[in-house]
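Residue numbers (the numbering used here), protein chains in the order written: chain S, 1 to 427; chain Z, 1 to 174.
The set of hints was computed from the structure by calculation and includes no laboratory data.
Mixed in with the good hints, there may be bad ones.
A short list of chain S residues far from chain Z (calculated; beta carbon distances all over 10 Å) [claimed, not checked]:
(1) S42
(2) E52
(3) L266
Cut-off 30 Å, straight-line C-alpha distance, at most; resulting in silico cross-link-like pairs (DSS-like, lysine-lysine) [claimed, not checked]:
(4) K68(S) to K172(S)
(5) K174(Z) to K250(S)
(6) K93(Z) to K131(Z)
(7) K207(S) to K68(S)
(8) K152(Z) to K406(S)
(9) K81(Z) to K228(S)
(10) K174(Z) to K81(Z)
(11) K237(S) to K152(Z)
(12) K172(S) to K93(Z)
Estimated spans, in silico, between C-beta atoms of each pair [what the hints assert, rightly or not]:
(13) G137(Z) to I231(S): 31 to 41 Å
(14) R173(S) to S134(Z): 32 to 42 Å
(15) S314(S) to R154(Z): 22 to 32 Å
These numbers come from a predicted model, not from an experiment.
Here a beta-carbon is modelled for each residue, glycine too, at the ideal position from N, C-alpha and C.
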Amino acid sequence: MAKKLSAALFGILLLLPVWAGAQLRIEISGVGKVQIPIAVASFQGEAGVPQEISAIIRADLEGSGLFKLVDTGSSATSLNETTPVNHAEWKNRGADTLVSGSITKLSDGRYDVRFRLLDNVKESNLGSLSYAATPALLRFTAHQISDFIYQKLVGEAGVFSTRMAYVAKQGKRYELLVTDIDGHNPQAAVLSNEPIISPAWSPDSRKLAYVSFQTGKPVIYVRTLSTKEVIPVASFKGSNSAPAWSPDGKQLAVVLSRSGLQQIYLIDADGSNLRRLTTSNGIDTNPTFSPDGRHLYFTSDRGGSPQVYRVAPSGGEPERVTFSGDYNVRPAISPDGNMLAYVARRDGRYRIAVLDLSNRNERVLTNSANDDSPSFAPNGRFILYETKNGRADTLAIVSLDGTLHKTLPSVNATDTRDPVWGPFFKY
Amino acid sequence: MLNLNTTTKTALLVCAGLILSACSSVPLDEPKVKIEDRSTGTSSGNQTQVTQTAVTDPLNDPNSPLAVRSIYFDYDSFVVKAEFNATISAHAKYLSANPGRKIVLEGNADERGSREYNLALGQKRAEAVRKALSALGVTEGQMEAISFGKEKPRAQGNDEAAWKENRRADINYK
């Protein structure tokens, strides 16, 4: 765990700390039906520390919609990860679970962060951990603690320490940003005076593919986040758009108009070895690989209206996947490969829908009018997407069960758009 | 609209040439006209000839059918309407007569709908104009059809008037 963490921290360090203008503020408008009551005591020694660890953990847990925060009261001020507690007393106050910990500054400038998770119902210790974090990585450490708590109490991987990429637009200034999934800790990746669209994470989370209009037309680039190296991957005659990584990160599906209308091609991640995958008389776009790499889902109007199809990356006859409505585009596939999210036009409104591929059951998750760009959290529980707040593009998250809705309004960019949820760190 | 833009661009180029020559510190008897020639792309002549070239090129004539550079499309349609036939043929004729000239056909879509799909819809409009020009003899090497989708709207509103303006393909001379 410690080794894994330090490797992940190293990965974060590689992102040069560029100040980026856009900051996001979270607003929650719905919460889960079943919530786990939890008390998160202030960490002993956290006053004066650059990041308030306990507040970040509280915001993470509450923001997931799966936890109900219980006030710790004044008695908890001296709690740390070793203090004996009266389980019955905490349980009576409604705190089925309790997090407590401490922060100590080390001589080398790092912080020693320790915590413990207690189950007050079973009167047991669910685990404790310690981390040594530089001041810059305290937020990440807090998210890691939230992930630990989530894993222990919900029983699946937490996604608080994951990141997202999106485009912030302010006037004619376009910025491709990478931030923590809670909207904090923005890192500028690309800045341009021309539109940037369609960011896509490489499976190892080290690279972003995206489309920039910098040269006067859509061209696909891949940027390595640590080195800032940028290579044009597809700059063929016509438009180059909608990049999607294969699960092994070795190739990209891209959409090119070099033969007329937009069609799907495969290309190696270094821009070599181009080969055409789809052939239709209309539009084929929005490619996305299934996690097992066996299917490539995409949008096509070959049947008259835009619908989601899938085809084997080796080629063959595409199979239609969506059937309800006359506009289902921009597919995204869940990490387990079982759920398909897409933009569905229903009653003239563009909304996010999910289709259970095992039983063909479709649910429309959002009720807004201009939703776009859905992407799954790496644990499959949430979908990040673009919506409208008045005339402004805004990021939002909905849980797959439809109970949690939250918007992430931008504080100082006019529009935040085209988000994509990053993978778990793989180091 | 685009016609104005192009006229403005030409005017700016000429002005830039004039400013460059005005700002240069070369002796007054040096042949300043050469600087102006380069800036306007003409191969020879003096200031008078530059002005004449700018006016005589039908591309710069606001009364020429070539002054129309935008082809508008109906909602969810990708058919070049008959009302633009004269425009298309004028450009085809000019491009055939000037095989060195190149154009970029820039397709656009209104703001409704998904970003990448709208990029494909804009491409469909640019492609429709490219095909029409191709049928009239314009060579493939002179044309590139691209799309801005809904990313560079000329009209900013969210009403039918703005959407109509943005369902468009522009002929952009390079």
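Outcome of the hint check:
1. S42: Holds, since 43 Å exceeds 10 Å.
2. E52: holds (37 Å)
3. L266: Holds, since 17 Å exceeds 10 Å.
4. K68(S) to K172(S): Violated, at about 42 Å.
5. K174(Z) to K250(S): Since the Cα atoms of K174(Z) and K250(S) sit roughly 37 Å apart, the hinted pair is violated (cutoff 30 Å).
6. K93(Z) to K131(Z): holds (15 Å)
7. K207(S) to K68(S): violated (36 Å)
8. K152(Z) to K406(S): With a Cα-Cα distance of about 29 Å, the restraint between K152(Z) and K406(S) holds, given a limit of 30 Å.
9. K81(Z) to K228(S): With Cα atoms ~47 Å apart, K81(Z) and K228(S) exceed 30 Å; violated.
10. K174(Z) to K81(Z): Distance ~25 Å between K174(Z) and K81(Z) Cα, so the pair holds.
11. K237(S) to K152(Z): Status holds; Cα separation ~20 Å.
12. K172(S) to K93(Z): Violated - the C-alpha atoms of K93(Z) and K172(S) are around 36 Å apart, more than 30 Å.
13. G137(Z) to I231(S): 31 to 41 Å: holds (38 Å)
14. R173(S) to S134(Z): 32 to 42 Å: Since R173(S) and S134(Z) have Cβ atoms about 37 Å apart, the given range 32 to 42 Å holds.
15. S314(S) to R154(Z): 22 to 32 Å: violated (43 Å)
Hint compliance for this structure: hints 4, 5, 7, 9, 12 and 15 are not met, and every other hint is.
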